[in-house]
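Now that you have both chains on their own, put them together as the hints suggest.
For the record, the sequence lines run as chains A and B. Residue numbering for the first sequence follows the numbering used here, starting at 1 and increasing by one per position. Residue numbering for the second sequence follows the numbering used here, starting at 1001 and increasing by one per position.
For the record, the hints were derived by calculation from the structure and aren't laboratory data. Because the structure is a prediction, the values reported are computed rather than measured. Glycine residues also receive a C-beta, built at the ideal position from the N, C-alpha and C atoms. There could be a bad hint or two in this list.
Derived contacts from chain B toward chain A, CB cut-off under 8 Å, selection only [as the list claims (entries may be wrong)]:
id	residue
1	H1026
2	H1030
3	S1033
4	I1035
5	G1221
6	T1225
7	R1227
8	R1289
9	G1290
10	V1291
11	S1312
12	F1313
If you anchor each label on the Cβ, the simulated ranges turn out as follows [unchecked claim]:
id	chain 1	residue 1	chain 2	residue 2	range
13	B	G1179	A	L125	51 to 59 Å
14	A	D115	B	P1199	53 to 61 Å
15	A	A50	B	L1303	30 to 38 Å
16	A	A50	B	D1010	45 to 53 Å
17	A	E120	B	G1214	42 to 50 Å
18	B	P1199	A	A127	35 to 43 Å
19	A	A50	B	G1318	27 to 35 Å
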Amino acid sequence: MSDIPGDLYYTRTHEWVRPEEDGTFTVGITHHAQELLGDLVFVELPEVGAEMGAGDDCAVVESVKAASDVYCPVAGEVVAVNEALADEPEIINRDAFGDGWIFRLRPEDRGSVEDLLGPEAYAELIAEEEH
Amino acid sequence: MSLKQTPLHDAHVAAGAKMVDFGGWHMPIHYGSQIEEHHAVRRDAGMFDVSHMTVVDLRGPRVAEFLRYLLANNVDRLQESGKALYTCMLNEQGGVIDDLIVYHMHGNWYRMVVNSATREKDLAWIREHAAPFGVEVEEGGELAMLAVQGPNARARVHEVLQLDEGVRDMAPFFAREVGDMFIARTGYTGEDGYELIVPADEVADLWRKLLDAGVRPCGLGARDTLRLEAGMNLYGADMDESVTPLESGLAWTVAWEPETRDFIGRAALEKQKAAGVTRKLVGLVLEERGVLRNHLKVFVDGLEAGEITSGSFSPSLGRAIAFARVGSEAGEHCTVEVRGKQLPARIVRPPFVRNGKPCV
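Chain B on its own, in the form it takes in the complex (with noise of 0.2 Å):
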């Protein structure tokens, strides 16, 4: 099978990137230095083509009841047009199905971003819900999405569109349609900037322009380590249908007022909550010299406690950091199993660095 590539796939190669199989795309890992482009994405300004993700439209008179139902989060926060809400999708025993962006476009429309290896789960799964309550489910046509992010992100990005002072001033979380173009002020870097809908046969121009005014391609390496780094979860690592929101660091997603609002997995929520959460997703950073990688094991008093779910070195910290499910009884302190050796980690609350300053 081959890979699926990205409007932008050509100008990938022509930046020098190393191209890998990502999903079933073909994406650039890096441009020469995973590193330099992380540095530059915390200090300046980077951009990340994601355009294998998904989006989905949403359209209907009851649209809005049908994602109160659908989501764990609650789309009654979204009550101003272009607003944006990070929410999981949930099954009926409480897995993550998925964890997306719903923005509330205006009326009875609104729209999800959802990650791309999930695409045909979470389309049937949607679909399949929609339908009872007469909901229109529509996947983004020829569309590239591209993120750019970074302390000098929004400027340069004014500098190359233009852009009226309502759009400029836009609130972080919040989306406005431009013409042909989606812009929201939302981001996986823990760095202020923006994601960008444009037409698939525009996307080419504008990178050429963002290129120009010096924001620096950034591929899925830098893209991993500076999330990782912001304490946001990756869908498949951290957490999938098997661990609930309340095992996965975000709890604070779930959405338990009004009580009398009815979603997929909440009643296996309140059971879970009812007899006690026994895991819990935390922040480690590594004491010694090292890397933290996935599916580590992790020892809490010699005891096994549970693995890393994502695990990598910080470039922004100079050392290791990761995420991992443990126990929840599990306190300050932990040891990491690498290569037959106990490493001594200390066990924080993610994230690890935000707005480009460290915070642990």
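Okay, chain A solo, but in the shape it has when bound (with noise of 0.2 Å):
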């Protein structure tokens, strides 16, 4: 559980969204999914002021290994992204729910994080994952 913050949103897609006091939310991949990608190479961000429905591919992150897309957890227009994830992508590597946040987002409604999966749920999910 160490590896899951409690304080945090998660998605089946392995995303993470943490609430700012500024009504924005905060988007990131978790812990667990930069294990599976192992070292990251290169990270695709979305275009500040895109707007994005939930569930759409909004970003890419890449490894030695393999390439994934990361999905907007809920819809919204997308107000910043993390630049220094353009050269320094081993960043989510290192901090996946701190420093390696991927982009900042005013969601249409800020209700729908309640959608999402609290840390518990997460936790199963990845459990489940693991059999």
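What follows is the structure, encoded as structure tokens:
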């Protein structure tokens, strides 16, 4: 459980969401996701201003091994992206839930986050996948 | 069907390996960081368990005559005992059945190391053609194979194994037998090093000693990026039975001289050469950020010109590289279609990296 912070929301496709005080949501991929991918070498960021629907592919994370789409957890507008990932995608490997955030979203509906998984449900999902 | 395990399976798990199904074998893909393992081989020393590969011993009074016929490269180049040769084994159409290294052990004994994925068809093909020559074909028994690679690899092996000077100073692409061990100065990384074949029940001990000497365990992930940087083909990705060596960057391995030597596939290759080879295998370096992947389409002057056969991120160059099979007319520039976008790439002649240094 130490790899699954209790104050975040999660998706079945291994993104995390942190509701910020200014009303935006910060989005990244989970520690478990980066572990599955291995060393990341490239991140394709969304464009600031882009309107995303829930489940839209909005970014790509690539490791030496494979490319993986990042899906937008809830509908909203991209208001910021983590430019540091362009030069150092491995930040996600080091700190998936912190410095490795990918983008920030202004959600259409702040309540939509409640449709996502909580930390316990996400932990169960990972446990199931590992069987 | 359960996965096959090498004698080092438990050692891999103990070292924290992420194990994957690799052509029916349970093998380590990495031990935490594929990129760090890659750098260890470029800068220091790393070791790979390659026990899944197949050793085939060939013996008989007519064995050299047989191999001159079986292989596209010419074993007459192996006059000295222990000398190694890289070659393709072709079908009648000139298609590549497998690529392999053949060692002249001594006298009428040759040893080949072939790919694991092609083991059954290789053995069937070799046996079929060996029979008329009366050559005995014997698959290696309870053996394990370890590749120790990197600028400091040989020094580390010398610390661990008592080898006399003649073995320690052996030239690249030579091999020796030392007791029940086979030691070859060959590899698949573009670095100096050894490939060691030892009895299965001795390999765990050797692995631990090398580990204690500071040799880093490396998975098949790093093995793939290292060989790609080194400009070495991977069977099944860069060539197979549907293409010839002339279309696969391997024309240098075909021994045309002497003209009187008939080998399987020769007639087909000569015909292809006379008609003009229409495709070639080239290296690509992506100009922008991104990663090149197998089967991405390659365009020259806006027209589809071929596809990537092996693509990855090069840890040594910090950018994406690939092999691609394209039309022979392709020049110095192309684009690769990545998720609907055309990304510019430079066409180069592999290798990309050799002995730790970039060369593109």
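The hints, checked one at a time:
The interface hint given for H1026(B) is broken, as the beta carbon of that residue sits about 17 Å from the closest beta carbon of chain A, more than 8 Å. Satisfaction of the interface hint for H1030(B) is found here, the shortest Cβ-Cβ separation to chain A being roughly 6 Å, below the 8 Å cut-off. For S1033(B), the interface hint holds, since its Cβ comes within 8 Å of a Cβ in chain A; the closest pair sits about 6 Å apart. Because the beta carbon of I1035(B) sits about 4 Å from the nearest beta carbon in chain A, less than 8 Å, this interface hint is met.
Against a cut-off of 8 Å between C-beta atoms, the interface hint on G1221(B) holds, since the closest Cβ of chain A lies about 6 Å away. With 8 Å as the threshold, the beta carbon of T1225(B) comes within range of chain A, its nearest partner Cβ sitting at about 6 Å, so the hint holds. Annotation: R1227(B) was flagged as interfacial toward chain A, and the flag is violated, the nearest CB pair being 13 Å apart, outside 8 Å. At a threshold of 8 Å, the smallest CB-CB gap from R1289(B) to chain A is about 6 Å, leaving the interface hint in force.
Residue-level restraint check for G1290(B) holds (minimum Cβ-Cβ distance to chain A is 6 Å; threshold 8 Å). This hint holds: V1291(B) has a C-beta 5 Å from the nearest C-beta of chain A, less than the 8 Å allowed. This hint holds: S1312(B) has a C-beta 6 Å from the nearest C-beta of chain A, less than the 8 Å allowed. Given hint, F1313(B) at the interface with chain A, holds; its Cβ is 4 Å from that chain's nearest Cβ, closer than 8 Å.
Distance hint check for G1179(B) and L125(A): the Cβ-Cβ separation is about 53 Å, which falls inside the suggested range of 51 to 59 Å. In this structure the supplied range 53 to 61 Å holds for D115(A) paired with P1199(B), their Cβ-Cβ distance being about 60 Å. Our hint of 30 to 38 Å for A50(A) and L1303(B) holds, since their Cβ atoms are close to 32 Å apart. About 50 Å separates the C-beta atoms of A50(A) and D1010(B), a value consistent with the hinted range of 45 to 53 Å.
Between E120(A) and G1214(B), the C-beta spacing of about 44 Å keeps the proposed range 42 to 50 Å intact. In this structure, P1199(B) and A127(A) meet the distance hint of 35 to 43 Å, their C-beta atoms being roughly 41 Å apart. Range check, A50(A) to G1318(B): about 28 Å between beta-carbon atoms, so the 27 to 35 Å window is met.
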